[in-house]
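*Asks:* One line per chain: the protein sequences are A and B, in this order. First residue of the first sequence? That's 1 in the numbering used here, and the numbers climb one at a time after it. First residue of the second sequence? That's 1 in the numbering used here, and the numbers climb one at a time after it.
Hints in this document: simulated from the structure, not taken from any laboratory. C-beta: ideal position from N, C-alpha, C; glycine also. Please note that a few of the clues may not be correct.
[Claimed, not checked] Example chain B residues on the side facing chain A (calculated, C-beta under 7 Å, incomplete):
hint : residue
1    : ASN281
2    : LEU312
3    : VAL339
2 protein chains.
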Amino acid sequence: PPQLIALVYVLGILLGTAALHLPGVQAPGADLSSVDLLFTATSALCITGLVVADTAEAFTRQGQLILLLLFQIGGLGIIAFGTLFAVLAGRRVNFTERQHLAEQLNALNVGSVLSLLRIIFLYTLVAEAVGAGLLALRFVPDFGWREGLYQAAYHSVSAYNNAGFVVLPRGMGPYAEDPLVCGVIAVQIILGGLGFLVQLNVLTHLLRPRRNRLLTYSKLTLLTTAGLLVLGFVLLLALEWGNARTFGAFSEPGRVLAAFFQSVVPRSGGFSTVDMERLTNGSLFVMTALMFVGANSGSTGGGIKTSTFAILLGSAWNLISGRTELIAFKRRIPTSTVVRAGTVTTIYTLLVGSAFFALVVSNPQLGFTHLLFETVSAAATVGLSMNTTPKLNDAGLIILTVLMYLGRIGPVTFALALNQRQVKRGVIKYPAEPDILVG
Amino acid sequence: PPQLIALVYVLGILLGTAALHLPGVQAPGADLSSVDLLFTATSALCITGLVVADTAEAFTRQGQLILLLLFQIGGLGIIAFGTLFAVLAGRRVNFTERQHLAEQLNALNVGSVLSLLRIIFLYTLVAEAVGAGLLALRFVPDFGWREGLYQAAYHSVSAYNNAGFVVLPRGMGPYAEDPLVCGVIAVQIILGGLGFLVQLNVLTHLLRPRRNRLLTYSKLTLLTTAGLLVLGFVLLLALEWGNARTFGAFSEPGRVLAAFFQSVVPRSGGFSTVDMERLTNGSLFVMTALMFVGANSGSTGGGIKTSTFAILLGSAWNLISGRTELIAFKRRIPTSTVVRAGTVTTIYTLLVGSAFFALVVSNPQLGFTHLLFETVSAAATVGLSMNTTPKLNDAGLIILTVLMYLGRIGPVTFALALNQRQVKRGVIKYPAEPDILVG
Ligand SMILES: [K+]
Ligand SMILES: [K+]
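Just chain A, with the same shape it has in the complex (with noise of 0.2 Å):
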């Protein structure tokens, strides 16, 4: 399956490309090359959001609904597919975890993988829905019941696919200071980040608490997701309150909704409703590392995932100490858990590492942070930009569609995908090393 996926993505990707091609996709005026093209089809179907142009601007009605079509189609086919490999995967040897989860699946009354897909397609179908009614409550007022629907529906499938494609006239900026659209975007983000089967282990433990456990890998992304909205939230708040390009512009009211919501968006949400260019050089450190960290395992949204992040911090403080187990939630995590936490962030800093370095050589007109900034959210599939995409030459936007791909294929499934053969055991037994000192 890892191979499929990186298949069919690369299909997809060059299939939404030719679909942009066609007549009448692009606005008058707008005239993308082949190059902007395949950027924004790969951002749509990875579902990242960046942009080489203002997508209202540039792309008819056609062109927008070529684009939601490629993002719905994107954000389900991680969805299910992530759901899927949690769940088949663990008939595989070697991936223990993998079972075990397959196991609660199925104890949480998913029954077969068809049914299983039924209730994603099902779930998605609803969330969505109700996304868009109740931005419609706005847009109709605003635009009229056609266009207003249209928006509110665009929106909702945008969101909870952390896809991150915006077609308001005017962008969200607008909407700032308004707690209905805020917070119905946000919701939508955050169920998304969390991915299906934590929602889906929630829904069903609320229902019958004594049944249903709520899953320990349940229990630690929660916690992380609402530590780092805290933690995010508190610092942006403090360092934009007086800045008079972004939130001192608001009311008080408006900066607590404003600082909650960039708090949401780098995971892996997309939307922003402050020009990131004008964030305080501190609000824009925090935005980065937020995006790196990113969302859940198997969910819409991105970067190295909030359970690796909580993995590496317990294994800091452990190390702090003086612990030898890694305990959360009365679980012991294993040693291998803790070592494929580490190896993930390491292959993904790499990976982040090597294009901005490739982008930064590319492009030596344009400035470290602005790049830094692109590339992060372009490997974690946020989608948040300061503006930098539209000023990249084609080979930086060749750089950065590859790291979409690579970005949302993930590391771990790519490396699976590097690797069908069984998992090499080595035939010679060496003797342990144990003389190499650390740090």
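Chain B with the ligands: place on chain A using the hints.
*Replies:* Chain B with the ligands only, in chain A's frame:
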């Protein structure tokens, strides 16, 4: 012992700061504040080399000698403590790796602690004297006997201890194309960065190959050091070849020499023959990454350490190629070492990240790139500078002072200092939780 190191260094810094307050230390016209002097003393004792003002201009001969004393003590201290720690800690529980290392050190015929210390002092003295002699070949003709010998001795001590303090009247710039000066200093830096254990191991191995086997640790760090040098050399040469503000101003052999020298100094020499501020963004990324990795454990260098980096790379490659065991030079690296490498890197990254964030918030007038470069340089006790330190406010200087101290004491030593009690084993046994998805 870990708490002792931490305490001794604090005392040393305070004493050094007091000494720099003596009359006749600052050159006429220099007007360094107490915070400046605290920073300078810390930079010297922690053999970092960051400065708030040009050392040759701001300090009299007496002041320069106080700094020399500080970084000579700091360097010797780190070498002695680092080696002793590796030997002594072996006697405690839970550090089988150190125990083995201690055994092998005994196999190196070092004998008692006192004779080990005597060897370290003697060895350092000889290495510095040889370096000084070679540098005198250039500096005596340039400056006359008295001043030339002073300059030769000063920079030999500064280089071997990876201190990075320069008291040449016009800095290192005029020697950018001088193979003698650059070569001697580069070799001193590389030797210092390898650390005493590796040098001793290689020497005794070369003298008696059969009796003294080359430790796996030595092989691993020598290979990694060589790899990083070659990588840095090639990238810097390519990126700066045509930069008229740096290498482009030199002859072609001069450019090769400059690329070599600049690839050596990030581990953690701190000398540079070109202005870091004039490097292309690509080279700045390369330098920052090399500084972050740093040199060997227990050496005068800093960073996450070459062995840590090699183990991270190895386990990343393992995950991609589907191997489960990490093999280096026909030895299996235990999982506990892999976990420790990941954890050390996490702690180090959190430390650098927090300090960088604090600097960005407290010094908003300075750019991201400049502050990141200076932060990594301070944490890895490198001392390379984009000329940002003199522009920092007092809050910024104090942040960097703390960072230089923590970077020198080392994440692991610091962690052990926090934890004088025995390694805690959980009293309650929790069941394993294999359900945590990461990445
Ligand atoms: K996104
Ligand atoms: K240094």
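*Asks:* Does each hint hold? Answer for all of them.
*Replies:* Hint check results:
no. : hint   : result
1   : ASN281 : holds (5 Å)
2   : LEU312 : holds (5 Å)
3   : VAL339 : holds (5 Å)
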